[in-house]
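Starting from the known structure of chain A, arrange chains B, C and D on it as the hints suggest.
4 protein chains.
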Amino acid sequence: MFETAFTIEWGDCDEAGIVFYPNYFYWLDCTYQRWLRTRRLSQRELKRRFNSVTPLVNVGAQFTGPGRYDDELVIRAEVGEWQERRFRIDYKLSVGNIQVASGFEQRAWATVTEAGGLRGASVPTEFRELLK
Amino acid sequence: MFETAFTIEWGDCDEAGIVFYPNYFYWLDCTYQRWLRTRRLSQRELKRRFNSVTPLVNVGAQFTGPGRYDDELVIRAEVGEWQERRFRIDYKLSVGNIQVASGFEQRAWATVTEAGGLRGASVPTEFRELLK
Amino acid sequence: MFETAFTIEWGDCDEAGIVFYPNYFYWLDCTYQRWLRTRRLSQRELKRRFNSVTPLVNVGAQFTGPGRYDDELVIRAEVGEWQERRFRIDYKLSVGNIQVASGFEQRAWATVTEAGGLRGASVPTEFRELLK
Amino acid sequence: MFETAFTIEWGDCDEAGIVFYPNYFYWLDCTYQRWLRTRRLSQRELKRRFNSVTPLVNVGAQFTGPGRYDDELVIRAEVGEWQERRFRIDYKLSVGNIQVASGFEQRAWATVTEAGGLRGASVPTEFRELLK
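Chains as they are written, first to last, in our numbering: chain A, 1045 to 1176; chain B, 1045 to 1176; chain C, 1045 to 1176; chain D, 1045 to 1176.
Source of the hints: derived by calculation from the structure; they are not laboratory data.
Since we're looking at a predicted model, the values are computed, not measured.
Honestly, I wouldn't trust all of these hints.
Which copy? The list can't say, so a pair holds if one copy fits it or any two copies do.
With a straight-line cut-off of 20 Å between C-alpha atoms, the simulated EDC-like cross-links for lysine to aspartate or glutamate are [to be verified]:
| hint | residue 1 | residue 2 |
| --- | --- | --- |
| 1 | K1136 | E1059 |
| 2 | K1091 | E1059 |
| 3 | K1176 | D1114 |
| 4 | K1176 | D1073 |
| 5 | K1091 | E1125 |
| 6 | K1136 | E1122 |
| 7 | K1091 | E1122 |
| 8 | K1091 | E1053 |
| 9 | K1176 | E1059 |
| 10 | K1091 | D1134 |
| 11 | K1136 | D1115 |
| 12 | K1136 | E1170 |
| 13 | K1176 | E1047 |
| 14 | K1176 | E1116 |
| 15 | K1176 | D1134 |
| 16 | K1176 | E1053 |
| 17 | K1176 | E1125 |
Just chain A, same shape as in the assembly (with noise of 0.2 Å):
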């Protein structure tokens, strides 16, 4: 379980004064990035330690209120499943006390081939332990 906050600037809306809706996954992207480097973990690390990336296979989000300029967004990120070689975060948005949107990221576990391909691989339990 994992929480963080962003500001919606004013770049971040469209003509009607409200986000324009594919920055909301930079927001989901960047809260699974932030929760990672709690973790003293990130992208890099996790090439580094695991010689692993985790590509995006499945992606999807649900919107019931706008989120505007100036509003806080608040998220509370945490893993809805974990499957053998991928794992899904749910995410839930939400600005004061009113749940704007939510959303998942589904993402795979994959090691880098020494071809510099990828490989899907089974999820570390380190890594699972450290998304607990």
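The following block gives chains B, C and D in isolation, referenced to the frame of chain A:
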């Protein structure tokens, strides 16, 4: 059915040399807007002609291959489902002969009330005909 | 004088692992907006209170070092010049003790006419006082 | 001399209905990349062929008119100055017959050292010829 193309630019990619995924949603939204344009519609025209907007309700994407800097990304769109007050656009994204992603946007039809708020409403037949 | 900070996120960097430079301008604009906010101002409040906006006229930046993923980017802003109808905000951007960039935004003061257009006008004393 | 065009998309504009200005720099960078491409160059090809990159040193833009959603933005680029180790590309941005902005990017020529760092170097004649 509508098809358009984008060039994947340097700034669209991350350190791994592949598209930073939120940008795919930028392109989905652009594809929708371009499609409207070919029907002599646009966000502004929708408002003028139908007093309506089409806010996003639900969105998702699956990634099956990498999009890289300099690639031409072709996006094909079609309406996958018409509901009374909603419609879902399905997208297929490919680079050359390879499908790199698929996605969807479910949008609501909402009319602007006198107070300036939004109220869900039936998708007009005229609009359905235009996106056929 | 105003200071704020941003985390450089994965999606802000390009394949070379350093900030894709247009993002620096996003942060300059955000810094301006955050500064206004601490003065109980905002784009909307400027319009409500002064019937005015502050469109960008001239902008620039010089880059002296790399900003990287995970770095905390500190931005210091101050008004470098007040003109009758314009003002220039100077920015210094640093990561740790290293200045990585400097930049400026020159903005005009413009009031909204009855027809909805913009007309250059003198920067109000009240606004100058607020950004001191 | 090189010319290219972009469609200003919904997501490129802010609440005021005009381009959020950092996006102009995204387009300047894209124009440079597209120009390289027509010369059979690219960031990767520069590295392969010249073992070099062209990091940004100094950048600026002046805004003289609004770019709006649905506008076709035409950008003309030419090298405004060659220095021993740097070059400046000048850009003119127009919508229809109206010039909406001008800008420049000054880039350095830097070779990649054995340790992986960057060292300033003379711009190769071959590169100068290609951007004529």
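Against the structure, the hints come out as follows:
1. For the homomeric pair K1136 and E1059, neither the shortest alpha-carbon distance inside one copy (25 Å) nor that between copies (25 Å) is at most 20 Å.
2. Taking the closest pair of Cα atoms, K1091 and E1059 come within 20 Å of each other only across two copies (13 Å); inside a single copy the shortest separation is 40 Å, beyond that limit.
3. In the homo-oligomer, the alpha carbons of K1176 and D1114 never lie at most 20 Å apart, since the shortest distance is 32 Å inside one protomer and 22 Å across protomers.
4. Proximity of K1176 to D1073 under the C-alpha cut-off of 20 Å is restricted to the intra-copy arrangement: shortest distance 18 Å within a copy versus 35 Å between copies.
5. In the homo-oligomer, the alpha carbons of K1091 and E1125 never lie at most 20 Å apart, since the shortest distance is 22 Å inside one protomer and 42 Å across protomers.
6. Only within a single protomer do K1136 and E1122 lie at most 20 Å apart by alpha-carbon distance; the minimum there is 9 Å, versus 30 Å between protomers.
7. For the identical chains of this complex, K1091 and E1122 are neighbours neither inside a copy (22 Å) nor across copies (39 Å), given an alpha-carbon limit of 20 Å.
8. For the identical chains of this complex, K1091 and E1053 are inter-copy neighbours only, at 17 Å across copies versus 32 Å inside a copy, given an alpha-carbon limit of 20 Å.
9. In this homomeric assembly, K1176 and E1059 never come within 20 Å of each other (Cα to Cα): the closest approach is 40 Å inside a single copy and 27 Å across copies.
10. Taking identical chains as interchangeable, the C-alpha atoms of K1091 and D1134 are never at most 20 Å apart, the minima being 23 Å within one chain and 34 Å between chains.
11. With identical chains, the CA atoms of K1136 and D1115 are at most 20 Å apart within one copy only, with a shortest distance of 15 Å there and 26 Å across copies.
12. When the C-alpha separation of K1136 and E1170 is checked against a cutoff of 20 Å, the pair qualifies neither within a copy, at 25 Å, nor between copies, at 37 Å.
13. Only within a single protomer do K1176 and E1047 lie at most 20 Å apart by alpha-carbon distance; the minimum there is 13 Å, versus 35 Å between protomers.
14. Proximity of K1176 to E1116 under the C-alpha cut-off of 20 Å is found in neither arrangement, the shortest distances being 26 Å within a copy and 26 Å between copies.
15. In this assembly of identical chains, the alpha carbons of K1176 and D1134 lie at most 20 Å apart only when taken from the same copy (13 Å versus 35 Å across copies).
16. Within a single copy, K1176 and E1053 get their C-alpha atoms no closer than 31 Å, and across copies no closer than 23 Å, so neither meets the 20 Å cut-off.
17. In the homo-oligomer, the alpha carbons of K1176 and E1125 lie at most 20 Å apart inside one protomer (11 Å), although the nearest pairing across protomers, at 38 Å, exceeds that limit.
When the structure is compared with the earlier hints, violations turn up for hints 1, 3, 5, 7, 9, 10, 12, 14, 16 and for no others.
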